[in-house]
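Guided by the hints, dock chain W onto chain U, whose structure is given.
These protein sequence lines are chains U and W, in that order. Each residue of the first sequence is one higher than the last, beginning at 584 in the working numbering. Each residue of the second sequence is one higher than the last, beginning at 1351 in the working numbering.
Since the hints were made in silico from the structure, they are not lab data. Note that CB positions come from ideal geometry on N, CA and C, so glycine has one too. Accuracy of the hints is not assured; some may be wrong.
To be verified - Partial selection, computed: residues in chain W whose CB lies under 8 Å from chain U:
1. Y1379
2. P1381
3. P1476
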Amino acid sequence: MYNSNVRDKLIQGNKSLKQISQEIIAPIHAKTPTWWYIALLISLSMFGWGLYCKYITISTGIGTWGVNNTVAWGWAIINFVWWIGIGHAGTAFSIFLLVLRQKWRTSINRAAEAMTVFAVGCAGLFPLLHMGRPWMFFFVFPYPNTRGPLWVNFNSPLFWDFVAISAYLLISASFWYFGMVPDFATIRDTTKSKIKKAVYAFFAFGWTGSSKEWLRFEALSFVLGGIAAVLVVSVHSIVSTDFAAGVIPGWHTTIFPPFFVVGAIFSGFAMVLTLITLMRKLYKMQDFITDSHVDAICRILIFVSLIMGTSYLTEAFIAWYSGNEYDMFKMFHNQMTGDYSFEYWAMIVFNALIPQLFWFKAVRRRLWVVFIISIIINVGMWYERFNIVVASLSKDYLPANWASYHPSIIEIGFFIGTLGMFSTGILLFFRYIPMMAVSEIKGVSKYDMSVEEQEELKM
Amino acid sequence: MVGVFDNEFDLIKAFDQVKAKGLKIDEVYTPYPIHYILEGMGKKTHMTHAAFFFGVFGALSVLGFMFYASVISWPLVFGGKPFNAFPSFMVVTIVATILVVTIMTLFTFSIRAKIFPGKTAKIVRPEATDDKFVLVLKSDEPGFDKAEIEKLLKNNGASDVSF
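Bound conformation, chain W alone:
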């Protein structure tokens, strides 16, 4: 069942009431992120934690590589500095770590959100990227009363309800 709303406030009201009935909300499509809905869907993303580990991984591998190159592989004295010129390695470490985090987080996003080149979008309502807020419910759930839910959505300002 698909309910289409004209603004986020109606959507949030209907969202709360459907949830209060104990029904599962399949998906919500909105033109911009609504944090109330994102939290209400009960999903969490661990991308921020992942990014932290990418950062640790990036920093260690960049620093490790510079240590390998300038101390183990081919030691050369530059300007009287020690082979392991740690302070001046920090500059490259910081910048290259940021690059590693960015690229790896982008790939994680691409994989987890399934957003990648060549993907065909499964569009429920094309207006959802324009000006409509779309609530999708599973009508084959046990205890799903079509007429009742349709009334609930309409009462909360749904401009269109369809199956």
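This is chain U alone, in the form it adopts within the complex:
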């Protein structure tokens, strides 16, 4: 019998099954709150500005960006890696915690998966527009063509990346969607509104909850969970080869794949924390997202933050130990003390030091502090990607090639646009989709009973 003293009850307030479904679905039936419209308006205007900047990028060209011959990868790639990192939490939550049989994941995995889908969608836009002529996008597909057929280079990390990201988007979106099917059926069967009934009936794909369906549903989750576990590690490893396969000082290191994967899990979990503290406050979900849930994520973040700190130290150590003057220059002159020292130290403080505050229970218990630290971590992770991309590219082997990089207003607008796109997606998710996996929460709710209570029911 599952009996844990480490954590409080998974769901507070001795809820009946009916209460669980009603309380989670409540935001879908309730009147839309005013703050939601205000937030949507802000998100849509950010999104709109982003669209305008994309229009300028496509109609005028990449020249509207701040990138130059030396720093050919600017904000576009920084933000691409940043978003992909955030998009990692979905699979990390759903799969890793599923494999580890962590039952507390049930109230968080839906939101984490939603975040993944939107974040990966945002990430995909950057390389697409960085191509300069995005209408030629289909050239990256290996399709029979009239140019030979000249196939794509299967040895190129950029092609691996294209395969990895598009596969990741498709897989996480379908995993997310099929997890929601039973919950859509619950909405269909409990709502009184005819329109909602028709809409959710369509999306429920005719789900009834019969044993035949559950049997296959469980097999499907098992297969997808098992196979997607590889993706948690593979996607960001492949993203890191975009850098590690290049012969640029600071990039050409073997630490990159694990370093990127851990960084991705770090920023992903931080973003999940941001999201669930918002959910808990805005929708009063404290019975489902308990203090102990927040606590668990904070503890994971301490651990991951220590790995991040170790990675930063290792990077510096290897730069010195390699004896390679270019690596040493990049690490000790360009980053630690030179032009990019602010970004470097911001990264160290935000990612390796500030999260250590989570050691204190007083910090973990204060939701607003947790919320602020989760934002700080994501800013820190953004600086990390900035360091990787810009610090290495700006000063490589030939001083004659050195250049500095400043983003243009168009690049900034593009990034703000994806922030708006992401928050629009999250707001729609809050409003129209059950924020937590209702059927899974019902499934674990019986673990909340004491052994005596269960025995009593079995009698």
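Below, chain W alone, put in the same frame as chain U:
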């Protein structure tokens, strides 16, 4: 005959007793999967085996395609590597295989569980997706004593029994 239960423990008790009587259970509808019932219904799914074969099929076809494209169709030297640069083909093979398995398993699920867009659900009790556990029996089976079974279900905590 439809028996409605309020919790899974009552359902499991009734489920066992009906089975002990040698009657066939037509279907069980529950708000979440109950593994005891899934096993007790005696049905097996071969989706996991199917997924394995999808994986083998995916890996071979992806690898085969890359071999065809870079060795047979249009050989090109990239970075001094051999045409059949097997180690660097593995990356795409792994990821594309996962994609093939996912998509094909989803279709298999959709076909086998009959869950697809545009399907109208045949709902026995709408509460079954909310908080009730529904046991459906075939009352036209030989040796089916309506009164007796109704009593059995009620004794085990069925909140509602109907035909």
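Hints and how they fare:
no. : hint  : verdict
1   : Y1379 : holds, 5 Å
2   : P1381 : holds, 5 Å
3   : P1476 : holds, 4 Å
Going down the numbered hints, you'll see the structure goes against none, and every one checks out.
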